[in-house]
Amino acid sequence: MITAFFYISMLLIIVFIFSILPYITRKTEQFGVTIPYKIYKRTDLKQIRKSYTFYTILLGFIIGLLQICLHIFFEETVQHIGFTINTLLFIILSFFVYLQFHKKVKAIKAKENWTVEKKQRTVIDTSFHHERNVLSNWFYLIPLVITIGTILYTFFMYDKMPNELPMHTNVNGEVRYDPKTPFNVLLMPGMQLFMIGLFFLINIIIKKAKQQIHAANPKVSKIQNQLYRKKWSRFLFISCVLMVLMFSFIQLTFIHPIFQKYETPIILVIIAIILIGSIVLSIRTGQGGSRIKIDDDQIDDRMIDRDEDEHWKLGQFYFNKNDPSIFIEKRFGVGWTNNWAHPISWILLLLIIGTAIGIPLLLTNL
Amino acid sequence: MYISLDFESEVPIYEQLKNEIIIGIAKKELTPGERLPSVRALASDIGINLHTVNKAYQQLKQDGFLLIHRQRGVVVHPDGPEKADEIYKKQLHETLKPLIAEALCKEIDQKELFAMMTTIFDELGR
Chain A
1 MITAFFYISM LLIIVFIFSI LPYITRKTEQ FGVTIPYKIY KRTDLKQIRK SYTFYTILLG
61 FIIGLLQICL HIFFEETVQH IGFTINTLLF IILSFFVYLQ FHKKVKAIKA KENWTVEKKQ
121 RTVIDTSFHH ERNVLSNWFY LIPLVITIGT ILYTFFMYDK MPNELPMHTN VNGEVRYDPK
181 TPFNVLLMPG MQLFMIGLFF LINIIIKKAK QQIHAANPKV SKIQNQLYRK KWSRFLFISC
241 VLMVLMFSFI QLTFIHPIFQ KYETPIILVI IAIILIGSIV LSIRTGQGGS RIKIDDDQID
301 DRMIDRDEDE HWKLGQFYFN KNDPSIFIEK RFGVGWTNNW AHPISWILLL LIIGTAIGIP
361 LLLTNL
Chain B
367 MYISLDFESE VPIYEQLKNE IIIGIAKKEL TPGERLPSVR ALASDIGINL HTVNKAYQQL
427 KQDGFLLIHR QRGVVVHPDG PEKADEIYKK QLHETLKPLI AEALCKEIDQ KELFAMMTTI
487 FDELGR
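Those protein sequence lines, which keep their order, are chains A and B. Per my numbering, the very first residue in the first sequence carries number 1; after that it's consecutive. Per my numbering, the very first residue in the second sequence carries number 367; after that it's consecutive.
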């Protein structure tokens, strides 16, 4: 029952996030197509956003039913694999839903001359990156100290630890035991170090990511963009500390099995805080801070941003050989993506995937 | 300071970049000693080749508007460019002459030209 509840609520959350994407993206970018401010409020675009949300929820509903069937008719292992497959299926299929609307907006844009009588401009502020836009990297010493403390405590208690460790746990609380070794007791600290490294990297990405301010209202969009970076940098730091604390607690249950009964609730609460927090923050900031209310929001309607649609394949994948930036705001949704024409983007991606798979593999097999 | 670039213009981007920075200094929106973005940061914010930014920065450095330090990065020259000497004045004279001549041919008279100069001085905050 808990498994069903957990997986279905996870699916619900994912479906919810995908269904609101057009509303939290920048108003000048709809379904991966650059449009002027005014067009956003037009009835045909309103309608397009509504139908996207409708079809995404419909798709989510079908996938949700599939998942429910798994819980009624099949056994545990099928449910676990089924959830992963269903989630992937939803993400892939919802991309095709997106694609239909991307084509629609693109067609409307091709038909109508929005750029006539408007000046395309790229505007940047020379002091943007010199101002404090993110939390200082030094803050990440805090989770690092927690991890080091966990490692020290583990080796201090190593002899007193049970000889068999519950290395594999599923959400139902069913456990598979492995004999302890000096390496596999480091699995949780290894995950902690990976998380810290990843979030540290994201903090640097948020700091360095391309400055994107609007030609129509440079001052306001700059403040929005800086607030957006600050808020996300802070939120991700808190998430990192929570996850590190979560892994420390799991480690504690290895050392003192008496704490095991608290494990599942603590994991669920921390995951819930992070998920709900990120949804709330996405809705409040919007992409690039575009939903943050700033007084004196004057829009110069004669100006529009430089049209870069040609570099955005399918409206979502940025390939621009002439652009030296590696990290850039997503066009659909909240967050950042890579310039896939830059080799470092691919190296980073492989490095992150490699470490994520490598650490558990290495520590549990040594 | 905000830099605004027009990619549809016939004026090359490095030239526009140079002009924007000189205007910024003239308007005192860029103060002596103020830091400017590194070549890489500026190029990635604008989304252009590193060479384009480098070219603009190098020329501005040569004209005495900027200093490029190895550690401190790019800064507005604390003393500003050299004050105009006879050679510069002569050069400026030669640059303006054909421009004014062209305007005269298009029947813009002295009064209109002077009015235009006043507007430009206003725009530059002088």
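Be a bit skeptical, because a hint or two may be false.
[Unchecked claim] If you anchor each label on the Cβ, the simulated ranges turn out as follows:
no., chain 1, residue 1, chain 2, residue 2, range
1, A, Thr-355, B, Ala-450, 58 to 64 Å
2, B, Met-483, A, Lys-313, 46 to 52 Å
3, A, Asp-307, B, Asp-451, 53 to 59 Å
4, B, Arg-438, A, Asp-307, 32 to 38 Å
I should point out that these hints are in silico values taken from the structure, not numbers from a laboratory. Ideal placement from N, C-alpha and C gives every residue a C-beta, glycine not left out.
Q | Numbers of the earlier hints that this structure fails to satisfy, in rising order | A | 3
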